[in-house]
Amino acid sequence: MADLAMRTPLAGHLKAGRHGRAEGTPGLHVTERGHLATAAIALRAGQQAALAAALRDGFGLDLPQRPGCAGSGAVELVWNGPGQWLALDSAREGIGRFGFARELAARLGAAASVTDLTGARAVLRLTGPAVRDTLAKLLPVDLHESVFPAGAATLTLASHIGVTLWRPDEAAWDIACYRSFGESLAHAVVEAAAEFGCEVTAG
Amino acid sequence: MNAPQRPAAGPASLSRPEAPTQRWRLKQGGLIDRGQALSFRFDGRRMTGHPGDTLASALLANGVHLVGRSFKYHRPRGILSAGPEEPNALVELRGGARREPNTRATQVELFEGLEARSQNRWPSLRFDLAAVNGLAAPLLAAGFYYKTFMWPAAFWEKLYEPFIRRAAGLGRAPGSADPDQYERSHLHCDVLVVGGGAAGLMAALAAGRAGARVVLLEEDCALGGRLLSESESVDDRPAAEWLNGMAAELASLPGVRVMLRTSAFGLLDGGVVAALERVSDHLPLPPPHLPRQRYWKIFARRVVLAAGAIERPVVFGGNDRPGVMLAGAVRSYLNRYAVLPGRRAVVFCGGDEGWRSVADLAASGARIEAVVDARPEVPQAQAQLAARLGVRLVAGGRVLGTQGRSRVASVRFADAQGREEDVGADLLAVSGGWNPSLHLSCHLGGRPRWDERIHAFVPGDLPPGMGVAGAAGGQFTTHAALAEGAREGVAAARDCGFPTNGPDIPRAEDAPRELVPLFHVPHGRGKAFVDYQHDVTDKDVALAHREGFRSVEHLKRYTTLGMATDQGKTANVTGLAVMANITGLGIPGTGTTTARPPWTPVSIGAIAGPHRGKRFRPARRTPLHDWEAAHGASFVEVGLWYRAQWYARPGEAGWRDSVDREALAVRAGAGVCDVSTLGKIEVTGPDAAALLDLAYANSISNLAVGRVRYGLMLREDGFVMDDGTVARLAPDRFFVTTTTVNAGKVMQHLEFCHQVLRPHLDVSLLSVTDAWAQVSIAGPNARKILEAALDPGTDLSNAALPHMACTEVSIGGVPTRLYRLSFSGELAYELGVPADYGEATMGLLMERGAPFGLTPYGTEALGVLRIEKGHPAGGELNGQTTARDLGLGKMVSQRKDCIGRRLAERPALIDPMRPVLVGLKPADGSAPIRAGSHLYAPGAETHTANGLGYVTSACFSPTLGHPIALAVLADGAARVGQRIRVLDPVRNGDVEAEVCSPVFVDPEGGRPRG
Amino acid sequence: MRITCPHCGPRGNDEFTVLGAADPVRPGPDAPLAGWVAYVHERENLRGSHRELWHHQAGCRAWLVVERDTWTHAVIAVRAAREAEQAP
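Chains as they are written, first to last, in this note's numbering: chain A, 6 to 208; chain B, 16 to 1025; chain C, 32 to 119.
Only chain A is shown next, with the shape it has when bound in the complex (with noise of 0.2 Å):
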């Protein structure tokens, strides 16, 4: 049996180290999210109860109702339309990660129909002080604390190209596009932030 290396959605687009400006701290860290599990969701007639439980038994987790993301464990969700989740899994590696929206469909049942995303999305992890000011130039929502805590997600354009943004956690802001895009988002997130420095990682 051949054995194939993967790549992920960005790897030799997104060039590690310092863009932009050059002194001080770097306003934006940027990472791809590229090893996860991704797998969509989207719920049957009549199931919201069933799925919310299946989801709360099987992996801890808290369906999001409307726009915005819970995590539990390795495993998140992030709401993509009325219906429908992104579910992903940072744990599993390689060909295991196919695992994943099996092990959904197994545990889901009818409550919803998996279908297996892993390598459709091309995500990218952003933290750091100019986060929010490197988004505005992005996209037209409303990032304050007070609009977008942590939890939060919504779907809208940036630079024209159709995006996913939630944040996980107070510090971290995760935003996803087809992986076509990937490209053509993470240059545009790396000359947003040239302004503020911007530290590129290896995800």
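No lab work stands behind these hints: they were computed from the structure. In this text the structure is predicted, and so the values were computed from the model without any measurement. Positions of the beta carbon are idealized from the N, C-alpha and C atoms, including for glycine. Heads up, a few of these hints could be off.
Said to hold, decoys possible - Covered stretches of chain B (chain C as the covering partner; in silico rule of three or more C-beta atoms under 8 Å from a C-beta of chain C):
1) 278 to 292
2) 761 to 770
3) 880 to 891
To be verified - Computed far set for chain B versus chain A, every beta-carbon distance over 12 Å:
4) P616
5) G624
6) D702
7) M819
8) A989
Since chain A is already given, all that's left is putting chains B and C on it; use the hints.
Quick look at chains B and C alone, frame taken from chain A:
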């Protein structure tokens, strides 16, 4: 931090010698930094100024009053104002690729090394040959370009247009690409305050103290508005001191953001405010990593409009001569910039405002030759001031004209009895009253209201969420500005859920502003300008009226009044007043001037922001992109995607060599093509089949699990929308593909079918385009290659995986989908690998496929293969063809409701004479046929009515060795074997072709089943 | 123009695409052709309040019924089409 620092008159600044060029600089005062000299050039002449100067104030300090020539008549022009309304002092700033024409010298902050040039003059500013246009003035009157240059038509291009372009115009655009960066950004707040004068500062303070998120925009480089220009005190302290305190407190409030050099230039639908921040315009070059300008979209729950007011010039003869200046601008130059704009002044005013300049000029040492006040009765306070200063007061007077070559040398006026007199003067300060800067209140359609009290328009019905404070609302005293600012700030904060009592109102001047209407002095000496920048005079307005252009909107368009880059800030209301004089209907009866965005010119660079060059639009790349680039691919843009078009090999002379080789390799052995860009949608749920039955013309619900079907999608009007394949992976799970370009449209359409037409269906749609690296492996050797590459134990026999079947396989343990379907007409498979493993899979396929001649092929060879096979694609799915036209009419199921079925039955769409799909081959066996050519019966006259169809796709067939084409042809089936004329008049193509079946290769269709 | 998406909140119109009038009802499969032609092609060009279908394409991908004033561009009401249809 943001307020001006009045430099301390300490020994340091006293000891430094004043720059010798600044002979008109006052010895003291002003908000300039005398401790530092900045050198700059105007028309090559070297001069100096100080930080805090504008280019205009520095020019005046150096005694330069003549700064440009006018648009049509090339008349000498000077500096009229001290702000964004400036219509005359327009210069070219900087040089080379950064050259910027039509820059208002009154807004350009002086920096070291600044280079500016006057515009619209030749050969020099002082001696301008085109000033002869002034003599040809009758030709250039209102509407001149509609009349003078009409006839003969042939003269337009050769004579008239070059003449107009040379004679009339403003600056020169730079000849090369802008080297600077521009940005766009977004801001969100509770309260947006537009204007950082007395009113705006109080509004921001009130709302900020209440805890609201506040953004304060100030167009100037300093907070304060008119307070920077007036010799006033606030709270018994000099205004500048009070401003410093305000700035410090605003800076200390965490929810308040003050943005200087930022103009709110538009109120957009939904209450969004567009603003332009001039980040680096005040610097010689933008600092590293900073843009030159930033375009902000600001989302505010409440807006306080505190944009101040603009002083109005008066229309009288010679009112454009350098040395004629707005009275308020005179005070700006005296008080803010410490520049004496003239030594012998006449003041011409319609009320109390002009007298403030009398006092300040006198205090600065200028001699006041006369005050011409239009009021027959001048209030006692002003009369006493005149007496105290020994100034001649001409009550009820009018200025009739000015004399002087390139600057005012004398002023002619008439007193109340009509006695005329000339008085020597080098400065004429004019005040016709003030127009509130209500522009933002009009941008969503609000109509201003005429206010008889101030003889000006004030905001009428306000857009939702907007309040107005201070001069923008027609309240001109400092006290009123402070009080209204606080009131509006409190109201806005309260509306956002931040109740507050608001700050105490500081003590400030509250003197009356009496004013009589003073717009126009008819029958004066010389041209009397209404719109300086567009050279529109009172006579032009009268002419427009005589010729029937009486509505304000017609007046504007006919005379171009108010349509220059200043958007008529100083012209619109006076123009209306001149028209009202003629109509006799009064100003409100004559019309209303309104305002559209932008308030101030916005560069195209700022509007484009970062979206140029590489970021003009995002690019989509497949997981195999880098592999393809490394293997010699040329790429073609398909929508946002980059697709490998062909792979050039050494020794190949041109693209045709590569494409022919790739296509032949597929027919002879095997090829591999990246089809990841095809739209892919996963349709899940118990009602998935029901939704697809509605969306597709053919039946989907009877498709067995593990089988694939060609799917044809119609628009509701009966024409073909898209085609693709539908694979049933499970009873409640389908995987459908679309063409690359229609992927988004089809997804949206399916969502429409579900959410709008069939909301009760339990079905979900998910785009999985980016999840899969998908390749087509086509050719007689395709099965052998897959058997060598897939994990052991995969059965690819016809029995296990027949044509139009699908299954799950694995490569290196990676779960992979395999669909047996063919676009090329050969034995073919599509392999879907999770995107992370696409590149490695491609490497493996090439390695295992090498013994079988596996050749990567691009979209061109793909196109050749499908044309040879007669499969419809982009050229045929052009929005004008029906299923029947493409020979697919039998696919439209008559047993179910589906989108487009009913309207495809319209008589015109089933007319036997409708063009249908056929093949064409050149009658001589070699002449190329081009897509887009029109088809005619041989010998028929070639006009539209005789057209029989057109060529949809064409290529050279390497398999057959001659050109082939697909076409739609009227009564096509009956014409097979006949000759047809293929006419391409655009590219001089005229060949004869033989009509044939559209399937050129393997017409029996045995190969894909092999 | 700003549309308040019932799921995502207020957004600029660059996130949406408009289809057109929301009120025409799709005829039954065997309805006369005239009814189908009216459904697909015949539209009023209204000044004032108008119900339209908009798609939050660059957001939650919900089809929305947007009631807006074609004269002032004011958005009067927004509902998700699916919920509007499913309401009793």
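Consistency of the hints with the structure:
Three residues within the 8 Å Cβ limit are the bar, and the segment 278 to 292 of chain B against chain C gives 4, so the coverage statement holds. Interface restraint, the segment 761 to 770 of chain B with chain C: holds (5 residues with C-beta to C-beta distance below 8 Å; minimum three). Chain C is given as covering the segment 880 to 891 of chain B, and this is violated because 0 residues of the stretch bring a CB closer than 8 Å to a CB of that chain, at least three being needed. Separation of P616 (chain B) from chain A is adequate, the least Cβ-Cβ distance of about 23 Å exceeding the 12 Å criterion.
With a closest Cβ-Cβ approach of about 9 Å to chain A, G624 (chain B) is found to fall inside the 12 Å limit, against its non-interface label. In this structure D702 (chain B) is not separated from chain A by more than 12 Å, as the shortest Cβ-Cβ distance comes to only about 9 Å. With a cut of 12 Å on Cβ distances, M819 (chain B) stays outside the contact zone with chain A, its closest approach being about 23 Å. Consistency note on A989 (chain B): stated as away from chain A, and its beta-carbon is indeed over 12 Å from all of that chain's, at 46 Å minimum.
Figure legend: structure checked against the earlier numbered hints; hints not met, in rising order: 3, 5 and 6.
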